[in-house]
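Colleague: Sequence:
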Amino acid sequence: MPVSLRKPSTFQQYKTLLRKDLEQEFRTKEMLTSMGIYALLVLIVFGAALGQTTDGFNLLQAAGGLLWTLLVFTSLLGLNRSFSHEKEQGCLEGVLLVPLDRSVVFLAKATSNVLFLLVVEVIALPLFYFFFLTGVPLGSSWYLLVAPLLLGTIGMAGIGTLLSTITVNTRGKDVMLAVLFVPLTFPLLYACASATTAVIVGADGFMDVFFLSSVLAGGYDVVMILLSWVLYDFVITA
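Going letter by letter, the sequence shown gives residues 1103 to 1340 in our numbering.
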């Protein structure tokens, strides 16, 4: 009697690919460890450099930019490794042989990148506060930092997943990813840094800056993630 093979649903494919990425990372902890150590080293370098500044330097005004510089550098390291590992072990070719929607691969990989970046941010944020904002009282509006952090992380993971797929087979992929990633994400990073600084400084009218910056970041996420999702089928099979 012939056996009927039923194709898994799109959601089942998504869960399987996401579980593969999570199990692989939590088994080796290669990406999280390297990103965490790198974030700590960047914080130490920032701390050493800013320790030589004069009293006229307003650290609160620069805190948002410093934080997002840290997150960009750290995310570049993780995004580069996200597909390099797949390429080295031949996993990418195996996934392409499976009859599944290529956009599911994008969604699963982008989700895993978001989760990995969030884990590193949970570790890096207390360290950032310890290095640069010790003594600054945590006001009632600090919870608003969740919005730019989430919007920025989702946007960086979305466009970064597409770009890491494009550059994984190129010579000098580390440099190529940074060259493409930073200009394309600049509007998002500028908006998130502005929203973060507005919350940290907490001056009069900061909610206007925070709201406008968050809307811009959200709009960027919607446009770029949809564009990445549409283009991914062409990019991964090219």
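The hints are simulated quantities; they were obtained by calculation from the structure and are not laboratory data. Check the hints yourself; a few may be wrong.
[Said to hold, decoys possible] Here are the simulated DMTMM-like pairs of lysine to aspartate or glutamate, each with C-alpha atoms no more than 20 Å apart in a straight line:
#, residue 1, residue 2
1, LYS1122, ASP1276
2, LYS1122, GLU1132
3, LYS1117, ASP1276
4, LYS1275, GLU1125
5, LYS1131, ASP1203
6, LYS1122, ASP1203
Colleague: State the violated hints by number, sorted upward, taking the hints as numbered earlier in the document.
Modeller: Numbers 1, 3, 4 and 5 - these are the hints that the structure violates, sorted from lowest upward.
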